[in-house]
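Listed in order, the protein sequences are those of chains A and B.
In terms of my numbering, the first sequence has 168 at position 111, counting the first letter as 1, and numbering is strictly consecutive.
In terms of my numbering, the second sequence has 264 at position 164, counting the first letter as 1, and numbering is strictly consecutive.
Hints are computed from structural coordinates only; laboratory data are not their basis.
All values derive from a computational prediction rather than experimental measurement.
Possibly wrong hints are sitting among the right ones.
As the list claims (entries may be wrong) - Partner residues aside, some chain A positions facing chain B, computed with beta carbon under 8 Å:
id: 1; residue: 108
id: 2; residue: 132
id: 3; residue: 134
id: 4; residue: 152
id: 5; residue: 154
id: 6; residue: 164
id: 7; residue: 237
id: 8; residue: 238
id: 9; residue: 282
Backbone N, C-alpha and C fix where the C-beta goes; we use that ideal spot for every residue, glycine too.
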Amino acid sequence: MTILHVDNVRKTYGGNSYALDGVSFSVEKGEFVAIIGPSGAGKSTLLRCVNRLIFVTSGEVSVNGIAVTGLSNPSLRRLRRTIGMIFQHYNLVNRLTVLENVLHGRLGYKSTIAGTCGFYTASEKNRAYEILHAVGLHEHIYKRCDQLSGGQKQRVGIARALIQDPTLMLCDEPIASLDPSAAKIVMDTLRDINTRLGITVVANLHQVHVARDYATRIIGVNNGRVIYDGLPKDLTIDIIQKIYGSEAHDLILADGDTHGTH
Amino acid sequence: MGLKHTTSFSQMVTHMARIDFFVRQRIVAFVVFVILCGLVYVSIVVTEYDVAKGFTSIPKAVRWSTENFYPDAASFKKINKIATRLSDTIITAVTATTCASLLAFFFAIIAATSTRPHWLFSLVSRAIASLFRNVDVSAWALILLFSFGQSTFTGYLALFFVTFGFMVRVLIETIDQVSGDSIEALRATGAGAGAVITQSVIPACLPQIVSWTLFMIETNIRSATLVGILTGTGIGYLFDIYYKSLNYHAASLVIVAIVLAVLAVEALSNTVRRMML
Ligand SMILES: Nc1ncnc2c1ncn2[C@@H]1O[C@H](COP(=O)(O)OP(=O)(O)OP(=O)(O)O)[C@@H](O)[C@H]1O
Ligand SMILES: [Mg+2]
């Protein structure tokens with residue numbers, strides 16, 4: 058079953074350069090797709106076009122068979138609540154507690170009044186406790202988020218996305234601000250979500266070796282175009298060089314030390 | 101070899117562009133300085149201001165103040181009257197500030213980049229705020245005197261307008277800086293506009309909102325005194341009466357009372373700030 062279909066998407070922020078320049082691909086249910094590419098390649102833009110945080114300039118994006126460009130506001134909200142999203146900078150409300158931040162994931166299901174007043178049902182709160190247990194944050198439920206470490210904050214972000222009961226999870230550089238051990242916990246959590254809950258994951262990643270280790274498929278983007286779309290094992294050094302251009306040299310050196318894939 | 105040549109050439113070009121940039125900055129700074137000096141000179145000539153006399157009269161002013169401008173025993177009989185007037189002024193300043201801040205929050209929401217419904221709202225809201233902000237509080241008081249006469253309401257409105265203009269500006273920046281990221285996250289969950297504001301913008305910005313409101317209350321107590329002189333209300337009016345009737349001792353007591361009140365409010369608001377953060 059196709060979860061996500063991106064069809065010839067172009068995006069320009071004004072001016073005549075394209076952040077996305079004719080991107081097409083489909084993602085099937087259960088896949089773990091890593092999108093890699095150099096800084097400024099258009100990865101964040103691409104992800105935000107999926108849930109229409111950014112409007113595409115032309116082309117079409119469909120999620121679960123629903124085209125996102127023409128959606129009315131209520132339908133867009135209904136679609137968005139089935140798509141979880143986590144961010145490089147976590148995007149939590151730092152002054153609120155972990156529990157409150159997780160419950161924000163339910164706002165897409167609420168009427169205007171219930172949402173504005175922040176009313177949550179008992180079963181929603183119970184769900185939040187369960188999920189926080191599952192991501193290993195049960196000791197921090199009532200802590201304010203500004204007292205957490207980066208890795209813990211990102212797991213709050215994941216919990217907030219999970220409570221939405223998403224079918225698709227978008228991750229914009231989820232580990233770019235984390236140290237290796239925290240990054241591993243976050244990536245393992247994402248893999249767990251993917252394999253055990255069957256949630257499709259599309260993640261922008263900066264590190265090629267992380268993409269290789271976790272993804273079932275890799276899409277390489279450069280300058281708004283898809284350069285590579287295939288299995289991690291078929292990603293050769295030549296292709297990495299094409300995807301990353303001048304940045305490739307450092308990457309291959311750093312990568313080759315630990316993995317030695319040639 | 102050829103490749104190396106091109107890189108070093110392009111490096112040289114960027115290097116030169118950079119030097120050019122700093123040189124231009126320095127030239128701009130110099131020109132501004134010259135213009136400022138010119139302006140000072142022109143204004144001295146136009147106002148026939150005697151620079152030397154300006155400085156020599158300072159000791160004279162100090163001497164006059166120490167001889168006449170202090171509260172004496174008789175002036176303390178007026179302390180009750182002063183206290184009532186002062187509390188009037190403080191209440192006016194506090195209500196004007198809080199009401200203006202509340203209205204400013206709505207204008208800031210529709211103007212901030214991360215929350216505005218459309219950029220046109222932003223334009224209109226910013227324009228209105230800028231109009232209210234850029235007319236001085238005493239000018240507002242004089243303008244409003246025509247319509248509302250000498251009353252507390254005139255003073256209240258003058259303070260309200262200026263505070264409103266200032267707070268819109270400050271809150272727009274706060275909303276974009278502090279809550280931009282979490283607004284994006286809540287949008288992505290499918291949250292409605294109301295929920296985004298109450299669950300993300302307000303909790304994230306609350307310390308700044310409170311802090312700026314308190315700051316404006318402090319400022320407005322000072323301004324209210326001045327406005328009171330113009331509108332004939334509050335502590336400002338009392339000062340005016342004493343001063344014009346040459347009762348300098350009582351007038352100085354008024355000043356002391358105002359300073360004490362401002363210090364007290366400042367201490368109070370600092371405590372509140374510390375508790376919030
Ligand atoms: N709001 C914006 N306004 C104008 N240009 C933008 C905006 N956002 C992104 N761009 C441009 O679009 C291009 C793609 O940006 P994008 O953020 O999608 O890249 P990215 O692959 O996520 O990079 P990074 O790895 O650094 O996050 C860049 O050239 C960037 O300068
Ligand atoms: Mg990015």
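Status of the hints after comparison with the structure:
1. 108: Cβ of residue 108 (chain A) sits 6 Å from chain B, so the hint holds.
2. 132: violated (10 Å)
3. 134: holds (4 Å)
4. 152: Interface hint status for residue 152 (chain A): holds (6 Å vs cutoff 8 Å).
5. 154: Violated. Min distance 10 Å.
6. 164: Holds, about 4 Å.
7. 237: violated (24 Å)
8. 238: Because about 24 Å separates residue 238 (chain A) from the closest Cβ in chain B, which is outside the 8 Å limit, the hint is violated.
9. 282: With a closest approach of 25 Å, the residue 282 (chain A) hint is violated.
Hint compliance for this structure: hints 2, 5, 7, 8, 9 are broken, all remaining hints hold.
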